[in-house]
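Q: Chain by chain, the residues run as shown.
2 protein chains.
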Amino acid sequence: MNTAIDFYFDFSSPYGYFASAKIDALAAKYGRTVAWRPILLGIVFKTTGGRPLPELPLKGEYVRSDFERSARFHGIPYRTPIAFPVGTMSAVRAFWWLQATDPAKAVALAKALYRAYFVDGANISDTGEVIKSAQGIGLGADEVAAGINDPAVKEKVKMEIASAIARNVFGSPYVIVDNEPFWGVDRFDQLERWLQGPF
Amino acid sequence: MNTAIDFYFDFSSPYGYFASAKIDALAAKYGRTVAWRPILLGIVFKTTGGRPLPELPLKGEYVRSDFERSARFHGIPYRTPIAFPVGTMSAVRAFWWLQATDPAKAVALAKALYRAYFVDGANISDTGEVIKSAQGIGLGADEVAAGINDPAVKEKVKMEIASAIARNVFGSPYVIVDNEPFWGVDRFDQLERWLQGPF
Chain A
22 MNTAIDFYFD FSSPYGYFAS AKIDALAAKY GRTVAWRPIL LGIVFKTTGG RPLPELPLKG
82 EYVRSDFERS ARFHGIPYRT PIAFPVGTMS AVRAFWWLQA TDPAKAVALA KALYRAYFVD
142 GANISDTGEV IKSAQGIGLG ADEVAAGIND PAVKEKVKME IASAIARNVF GSPYVIVDNE
202 PFWGVDRFDQ LERWLQGPF
Chain B
22 MNTAIDFYFD FSSPYGYFAS AKIDALAAKY GRTVAWRPIL LGIVFKTTGG RPLPELPLKG
82 EYVRSDFERS ARFHGIPYRT PIAFPVGTMS AVRAFWWLQA TDPAKAVALA KALYRAYFVD
142 GANISDTGEV IKSAQGIGLG ADEVAAGIND PAVKEKVKME IASAIARNVF GSPYVIVDNE
202 PFWGVDRFDQ LERWLQGPF
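The listed protein sequences correspond, in order, to chains A and B. Residue numbering for the first sequence follows the numbering used here, beginning at 22 and increasing consecutively. Residue numbering for the second sequence follows the numbering used here, beginning at 22 and increasing consecutively.
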């Protein structure tokens, strides 16, 4: 029985962005599908005591350079955002609003948001930028704005993040396949081996 | 001009242990040598505010499982130590004592200590176990004990750790080649690419 791969990520996470460029092809290679699950690491960190990487002493300086080198290594376009990291509540709500009716288009929106933030320099913590990205894939500004403010969508986002925490998701990207967790795009080598068969 | 690769590690670090099984062959492939540099992450963490991975909420549980899966992935023998992590002051001192007169044998000692801790279940925070590992590669118990207690060796260890902190070493393994830092055995793919030529 092949089940979907759960792909947890934060829209402000460079490593999540790199993973987003690889996950679909990797899953397809092994006959799997991907359930894209954007979360808000800021809320997760309140439970886990985690802190954004760039704020950590020494490690912060290292990862900023590692983001850029990793982008070159993986051959993925990347520009360090001017505002980083940022809260992405509107982006996450827009995704889950759209996901309820059109999961494939929600994935397209996720990719557009990542591109806006990590390539085009847009600050996607701004709801206006989220709407622009949505318009770029053919959605209407009014429907997106209404979706972002829909109480049912807000509730769905809360539930998704609570569910992620309950599954021990503490970082981005975080992939769970057949209950096996893989943290980081640098575990995609082990993820691929696992998709060939548990080891 | 080919310079040595600086390989920083903590004797209580599983990822450092995995790296130790790979670093010499990787360096040799590109005509490089390796300067093995054991440090004490506990002292580094006092500067960086870092904490041992296993103590972190959620992450702690994940990494314990990741240690075992990574060992299988890399094909390296590994048993989770009963006492973990531990302080390894005697091990570090024994290494640097020996390194002053016989660098190659110091590397052999480092490998023996890692094997003792991560394969044979010895608690290498115990000076007696460090001496046993040293005896296993042909050293005398008395000379090793004297080396561990030599004030000059103690001073050398302090200097090494201060130098590592000054170079922003905040984890294990941490490799620096031509001033380019690589944190984690999961950056050995980027390290190898770098050894082929900066990118």
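By construction, these hints were calculated from the structure, which means they are not laboratory data. Possibly wrong hints are sitting among the right ones.
The list treats identical chains as one, so a pair stands whether inside a single copy or across any two.
Stated by the list, open to error - Below, in silico cross-link-like pairs of lysine-lysine (DSS-like), each with a Cα-Cα straight-line distance of 27 Å or less:
| no. | residue 1 | residue 2 |
| --- | --- | --- |
| 1 | K67 | K153 |
| 2 | K80 | K67 |
| 3 | K67 | K177 |
| 4 | K50 | K175 |
| 5 | K153 | K132 |
| 6 | K80 | K43 |
| 7 | K179 | K80 |
| 8 | K50 | K177 |
| 9 | K153 | K179 |
| 10 | K177 | K80 |
| 11 | K153 | K126 |
| 12 | K126 | K67 |
| 13 | K67 | K50 |
| 14 | K80 | K153 |
| 15 | K132 | K177 |
| 16 | K153 | K177 |
| 17 | K179 | K50 |
On a predicted model such as this, the values are computed, not experimentally measured, just so you know.
Q: So, for every hint listed, does it hold in this structure?
A: Hint-by-hint comparison with the structure:
1. K67 x K153: Answer is neither; intra-copy 30 Å and inter-copy 45 Å both fail.
2. K80 x K67: Both. Shortest intra-copy (20 Å) and inter-copy (14 Å) distances satisfy the 27 Å Cα cut-off.
3. K67 x K177: Result: close within a single copy only, 19 Å intra versus 41 Å inter.
4. K50 x K175: neither (34 Å within a copy, 54 Å between copies)
5. K153 x K132: within (13 Å within a copy, 56 Å between copies)
6. K80 x K43: both (25 Å within a copy, 24 Å between copies)
7. K179 x K80: between (30 Å within a copy, 22 Å between copies)
8. K50 x K177: neither (31 Å within a copy, 52 Å between copies)
9. K153 x K179: within (24 Å within a copy, 55 Å between copies)
10. K177 x K80: between (34 Å within a copy, 25 Å between copies)
11. K153 x K126: Only inside one copy: K153 and K126 sit 15 Å apart there, 63 Å across copies, limit 27 Å.
12. K126 x K67: Cα proximity of K126 and K67: none, with 31 Å in one copy and 48 Å across.
13. K67 x K50: Close neither inside one copy (36 Å) nor across copies (45 Å); limit 27 Å.
14. K80 x K153: neither (34 Å within a copy, 36 Å between copies)
15. K132 x K177: within (21 Å within a copy, 51 Å between copies)
16. K153 x K177: Close inside one copy (23 Å), not across copies (59 Å); limit 27 Å.
17. K179 x K50: neither (32 Å within a copy, 51 Å between copies)
Hint compliance for this structure: hints 1, 4, 8, 12, 13, 14 and 17 are broken, all remaining hints hold.
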